[in-house]
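Since the structure of chain P is provided, determine the placement of chain S on it from the hints.
The listed protein sequences correspond, in order, to chains P and S.
Going by the numbering used here, the first sequence opens with residue 1, and the numbers climb by one from there.
Going by the numbering used here, the second sequence opens with residue 1, and the numbers climb by one from there.
Don't take every hint at face value.
Non-contacting residues of chain S with respect to chain P, defined by C-beta distances greater than 12 Å in every case (computed) [unchecked claim]: (1) N39; (2) G41; (3) A67; (4) M74; (5) G95; (6) R96; (7) R121; (8) R141.
Quick list of the computed label-pair ranges, beta carbon to beta carbon [stated by the list, open to error]: (9) S:A67 x P:A49: 46 to 52 Å; (10) P:R139 x S:G54: 45 to 51 Å; (11) P:P48 x S:D15: 28 to 34 Å; (12) P:P17 x S:D15: 30 to 36 Å; (13) P:P48 x S:E73: 29 to 35 Å; (14) S:E73 x P:E195: 49 to 55 Å; (15) S:F150 x P:G19: 57 to 63 Å; (16) P:S110 x S:E73: 37 to 43 Å.
In short, the hints are calculated from the structure, not lab data.
Since the structure is predicted, the reported quantities are computational estimates derived from the model, not experimental observations.
Every residue gets a Cβ at the ideal spot worked out from N, C-alpha and C, and that includes glycine.
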Amino acid sequence: MTDSTHIEVTLPGFADPVGQAQASFRAVLDAMARPGTLMQVGHGLTPPAPLCPATAAVLLTLVDHDTPLWLDAAAVAARDWIAFHCGAGFTDAPAQAAFALALALPDVASLSLGTHEQPETAATLILQVDSLEFGTRYRLHGPGLRESATLSVRGLPDDFVAIWQRNRAGFPLGVDVVLCAGTTLAALPRSVTVEAD
Amino acid sequence: MLDAVPADTPQGPSDARRHWMSVLARAATAELENCLSANGGAPAYQRLRGPESGLVMVRGRAGGGGAKFNLGEMTVTRCTVRTAAGQVGHAYVAGRDARQAELAAVFDALLQDPARGDALRAGVIAKLADEQAAKRAEVARKAAATKVQFFAMRNMRTS
Numbered sequence: 001m002t003d004s005t006h007i008e009v010t011l012p013g014f015a016d017p018v019g020q021a022q023a024s025f026r027a028v029l030d031a032m033a034r035p036g037t038l039m040q041v042g043h044g045l046t047p048p049a050p051l052c053p054a055t056a057a058v059l060l061t062l063v064d065h066d067t068p069l070w071l072d073a074a075a076v077a078a079r080d081w082i083a084f085h086c087g088a089g090f091t092d093a094p095a096q097a098a099f100a101l102a103l104a105l106p107d108v109a110s111l112s113l114g115t116h117e118q119p120e121t122a123a124t125l126i127l128q129v130d131s132l133e134f135g136t137r138y139r140l141h142g143p144g145l146r147e148s149a150t151l152s153v154r155g156l157p158d159d160f161v162a163i164w165q166r167n168r169a170g171f172p173l174g175v176d177v178v179l180c181a182g183t184t185l186a187a188l189p190r191s192v193t194v195e196a197d
Numbered sequence: 001m002l003d004a005v006p007a008d009t010p011q012g013p014s015d016a017r018r019h020w021m022s023v024l025a026r027a028a029t030a031e032l033e034n035c036l037s038a039n040g041g042a043p044a045y046q047r048l049r050g051p052e053s054g055l056v057m058v059r060g061r062a063g064g065g066g067a068k069f070n071l072g073e074m075t076v077t078r079c080t081v082r083t084a085a086g087q088v089g090h091a092y093v094a095g096r097d098a099r100q101a102e103l104a105a106v107f108d109a110l111l112q113d114p115a116r117g118d119a120l121r122a123g124v125i126a127k128l129a130d131e132q133a134a135k136r137a138e139v140a141r142k143a144a145a146t147k148v149q150f151f152a153m154r155n156m157r158t159s
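Looking at chain P on its own, in the form it has when it is part of the complex (with noise of 0.2 Å):
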């Protein structure tokens, strides 16, 4: 909101601030959680192109002025609406933000990874994808798994599970993510290791 005194902004967010905002945070956190389990959330939103439902219900969650997001350029449409809703800050530097919202896997090394002083600065990705039923089978096993897991999503690049290594090899640094399709969530934590299925 630092450089644009007039935003425009025709939807509104949830009809039930708290009550969603609990219920969304719930499912954020047993996703993280349980890595690879689909939670549902953002039913009755409706927010503006591109973002799904399960997108906009952790944005309204979990961003406000406190933590600096970045926008990858296709999620920019929603720029006036998620400066409205959650009175983001906004920042150009992918290494600053507290949140990253991507349509499309960014270059995870860009994103800030956290210091050992504190690996809890580490950047949380919000990643929008087509799909978390169809698409490519992940195997998925550490902590808060029991037995190893799966996960289908359709919209990740066809490297993904290299990348991931790469995140998961600076533990207790790296990137979490959130992945949401629809209105669907699932989270991938640092700690969890994929494997192709």
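The following block gives chain S in isolation, referenced to the frame of chain P:
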């Protein structure tokens, strides 16, 4: 300058809007309800945000020109609506009256509507502004009657 009275001579379109928003924010809920039903009623509209209450920090300057300091927090209710005609109205009102904020936002949207704006400016805003000015003048008159004139100190200084 805690109770900044809006300038009586609005100039640009944003000044005019600032004026009517401040008049609406000071109007009571019942007044707004009556004005709305007497002037064509509420349009079809959708709530974009709120009404929701929160706190804002009121800052002041000692003597109007000193260093800024935080005077304290006050409760504010805000609301944003969008009418079917496409106008977006905002309102920020003191207190926790959600209906007042919603009505003020509806009026703000209607006042931007070319079809209804002029009639509402003449029929509602001018009337409410006059009433509020009269009320302020009345309070000022009563307060002025209790003002103590320190003749003794003035006499001591001049002598």
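Name the hints, by number, that the structure is in violation of. none
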